[in-house]
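Given the coordinates of chain A, work out where chain B should sit on it, guided by the hints.
Now for the letters of each chain:
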Amino acid sequence: MNTDPRIISFCCYNCAYAAADLAGAMRVSYDPRVTIVGVPCTGAMEAVVVLGAFEEGADGVFVAGCLDGECHYKEGNLRARERVARLRERLSEVGLEPERLEMYQVSAAMGARFGEIAAEFVDRIKALPPSPLRRGAAVKGGMSR
Amino acid sequence: MIVVEAKSFAQVAAMTSDCRRLLVAACAGCTAVCGVGGERQAEELADALRLHARLRGKVLETEVRGVTRQCEPEFVAEFAPAMGRAEAVLTLGCGVGAQFLAERYPNVPVLPGVNTRFAGGLTAPGVWEERCRLCGDCVLHLTGGICPRTRCAKGIMNGPCGGAAGGFCEVGGGSPCAWLLIWERLERLGRAGVLDEIGPPPDWSDAQAGPRRSGKGGGAE
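Chains as they are written, first to last, in the UniProt record's numbering: chain A, 1 to 145; chain B, 1 to 221.
It should be emphasised that the hints constitute simulated quantities derived from the structure, not laboratory data. All clues stand as given, with none of them false.
Estimated spans, in silico, between C-beta atoms of each pair: (1) A:E97 to B:G162: 52 to 60 Å; (2) A:Y73 to B:E184: 37 to 45 Å; (3) A:R86 to B:F118: 23 to 31 Å; (4) A:L67 to B:R104: 47 to 55 Å; (5) A:L67 to B:T123: 26 to 34 Å; (6) B:R56 to A:M26: 43 to 51 Å; (7) A:Y73 to B:E74: 34 to 42 Å.
Glycine included, C-beta positions come from ideal geometry on N, C-alpha and C.
Isolated chain A, as found in the complex (with noise of 0.2 Å):
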């Protein structure tokens, strides 16, 4: 049980970037420890984004593009979803939950929505023990990346 976990939250600046606006101007309440990073679309987040911020120690990470047939750029999000669902498996593979990682596709206008999802992912990391890699300190040093 995490009682205190830190979220990433990558959203698309045309979709769910504008949906947590909303959110927030409908009065919906979302958990606070959601940090939101705006992207300009999700396909073009790269992979390393996502394991940069697993890596720095977030406990759970989701993306959330636009539905389907919306992308600004036709289909940036339809490549973030398969990109998210390799993700799972890398993360598998290293040794991380896969739940952590979650892909959210909704549009500018679902506000409501959008709290639903904080609110569901939080419920779902919570679940989750703490990253093992939030204890610890960075072990970048030396040599770039």
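Only chain B this time, still in chain A's reference frame:
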């Protein structure tokens, strides 16, 4: 191009488990095109290996460097500074690149991160097919531009063997019968008569006589 496949993460993790300072060497040539050996993939693999090590209480430092081609000495030389800092190098170049690294840096263990498969081409997005067996004795002028040594499962030179069904080879894998393709192509070209002449059996001696060399003009020795 040379087609490679990524080794499983478990294999790579086991291979690098004793290393504390690892250079991950990318190649912008064929293996990058295959989607497994470019700098982007190298960065991701390095991240995953660091996470894997940390979760097991180990410390792994990684450095990612890429060059245009690992199969040329002048590019391989670019790794020199990073090699000086590394305990081992995990290369995402093909088997040629790995051997060039090993030759140039004899004191650094070279670990292959990919399996080098064959010389092929793209037949669908993300799908490559072997089209040349690198036998060194090209017969494409006699076979309508379709290589029987590679694309016939039996590698026969005077086909067809009679074992095809529905245009597909009886040997598994769902490959079209190469000799049927050859016949159709030659017939379209009005050159089917070429097949009346029985050719000699394939000469594999050049393909199996140790490392081959080729001159500047590209001609066989």
